[in-house]
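**Student:** Now for the letters of each chain:
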Amino acid sequence: MRMLEAQSLTVRYGSLAAVNGVSFALEENQWLMIVGPNGAGKSTLASALTRGVPYTGVVRILGEDILGEKPARLARKIGMLLQSNAVSYSFTVEEVVRMGRYAWSRGPLAGRSAEDDSAVERALGATGMAALRERSVLTLSGGELQRTFLAQALTQDPGILVLDEPANHLDLVYQRQVFGMISQWMREPGRAVISVVHDLSLARAFGTHALLMDGGVCAAQGPVGEALAAANLNAVYHMDVGRWMRDMLSLWGEPEALPVAEQARVEPNEQGNTATDRERDDHCGLREQA
Amino acid sequence: MEKRAEGFGVRNYLLFGAVTAAVFVLCVCMGSVNIALSDTLRAVGNALAGRPGSDVADTVILSVRLPRVLAVALTGAALSLCGAAMQGLLRNPLADGSTLGVSSGAALGAVLAIALGVTLPGFAGGGTMLLAILFAFLSLALILTLAYRLDYSLSTNTIILIGVIFSMFANSLISLIVSFAGEKVKPIVFWTMGSLSDSGYVSVLALSLALLVCGAVLLLNARELNAFAAGEDNARVVGVDVRRVKLTVLVAVAVLIGVAVSVGGSIGFVGLVIPHIARMLTGPNHKRLLPASMFAGAVFLMLADLLCRMLLRPRELPIGVVTSMIGALVFVYIFYRTRKRK
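Same order as they appear, the protein sequences are chains A and B. Counted the way our numbering counts, the first sequence spans residues 1 to 290. Counted the way our numbering counts, the second sequence spans residues 1 to 342.
Chain A extracted, bound-state conformation (with noise of 0.2 Å):
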């Protein structure tokens, strides 16, 4: 089922086309992995996908032109976690998550529904968050707060799920928790994640599908295996992404003292992924949270 449909999308910052003639589709249960060097329009394409800064070109979700929807319509297709986020006043770490069913609401005066409480529940269990329910935002570190967002974004319960930069301020834990949790949320039935992200091991060890930008434009698009290959990457970032990786990761001696996942490492199969799904959920360690 095709979930998500752009076509030559581009967004203009007075003369500057931050994005230009992109165009891409999304499938259920496909994990799109938006990359590219800094001012490469990655940010402003993920918010171009939920309406957030003017566009031309269109953009359908399950067949329809976004732009001929209701906001609480379309909040209920697609679901957002931002860049950055800021709460202004003392509000629980749950009223924050319980802004994320106002697309499901009935109306102002209706109160809240079962299926607002079990949305709650069930997003602040899958990010850990449920035992800082009644802290006040203001006092969550950086981490914590995305979290809470993210909690936010799974209660409004949406089809497809984009995520500005989603291990911004987490630890090496929770990165693997909540990639594995993503992970397993976009497997079910009429789901699909689109996130903008910086490490290209964590989008080739949990993407399905890369879009590799550059200068606004589409550098390359595919299974993730064939946009990030190494010609692309160093083509994109102007350096020998794979040396650079090679050095940093020697900087850890043997391969015995290097990170599970890259000992488990993988040579891309047929469809281009580094990994099949069974693979990743075990060199991620997600199996046996699963």
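Since the hints were derived computationally from the structure, they do not count as laboratory data. A portion of the hints provided could be inaccurate.
Said to hold, decoys possible - Coverage of chain B stretches by chain A, computed from C-beta distances (three or more under 8 Å per stretch; other residues unrestricted):
1. 214 to 223
2. 235 to 249
3. 281 to 295
Note that this is a predicted model, so its numbers are computed, not measured. Where a beta carbon is used, it is the ideal one built from N, C-alpha and C, also for glycine.
Following the hints, put chain B in place on chain A, whose structure we already have.
**Tutor:** Chain B alone, transformed into the frame defined by chain A:
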């Protein structure tokens, strides 16, 4: 674990309502001449039953105190409600109804009416009220048009900037009018200090209608204001129609502020400080904060007005001066406490 109810709840409405009613009765009974509660109730009872009043107390209560205290309570509720809504919408704890610039516009209209001697036959102060409301609407239209032309998305920063610039412009025009006002300088200066001493039932009716309609609009947008607290982008992402809500809240605030300023003049700090106190009592959720701010604003302004009447009686102090003095001190205390806690 016991969870705090999301809405204000019947219990809170009863509790806050009882405190407001008690302060209201106190303020009606007390003044330059104290009147016993039984006499006050009798006077009100007579009026409600259509029986003619029998003594001076009846006249003082029905013609002076009752409309004045009602106008004061409604003005306090309106200013405080607007402050809470603006602080939520703009995500700025220093915002209040005047941030939008509409109150300066209304003040300009009122000052112009006093300087030019605009009156309505048979309605004392009607000319001032009419021009104040008219200028409030014109100011809102001008501010929103300018903001819209500069920034299609009507971003809050643009609105604040235009509002501040418009306020400065309106205040400079007020100064210009004052400098040419001759013997009208005194009433203009007195009006700008804020006063509700001459409020009659017409003022009460205007305030009641404005508060009923605009207050309901603001209360019905409490969920949207909650979403704005995490930013406009976040509000959009969760499904709020950001532009519609912004326009709705701004128009409701402008109407309420326009009517409040036209009745009572410039009364500072109520819209700024009271929502902070209400937030300390109920938390930041606008479903609780907005009603709590209304009650707290009414109570605060009634007590401030009582102070104005009692402190140097029989002479009265301008209410705007008293609210600014108390408000500034309370705000410093809140700021100090918040900083110390951090």
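**Student:** Does each hint hold? Answer for all of them.
**Tutor:** Checked hints:
1. 214 to 223: holds (count 4)
2. 235 to 249: Our answer is that it holds, as 7 residues pass the Cβ test (under 8 Å) against chain A, meeting three.
3. 281 to 295: Holds: 3 residues of the segment 281 to 295 of chain B have a Cβ under 8 Å from chain A.
Checked against the numbered hints given earlier, this structure breaks none of them.
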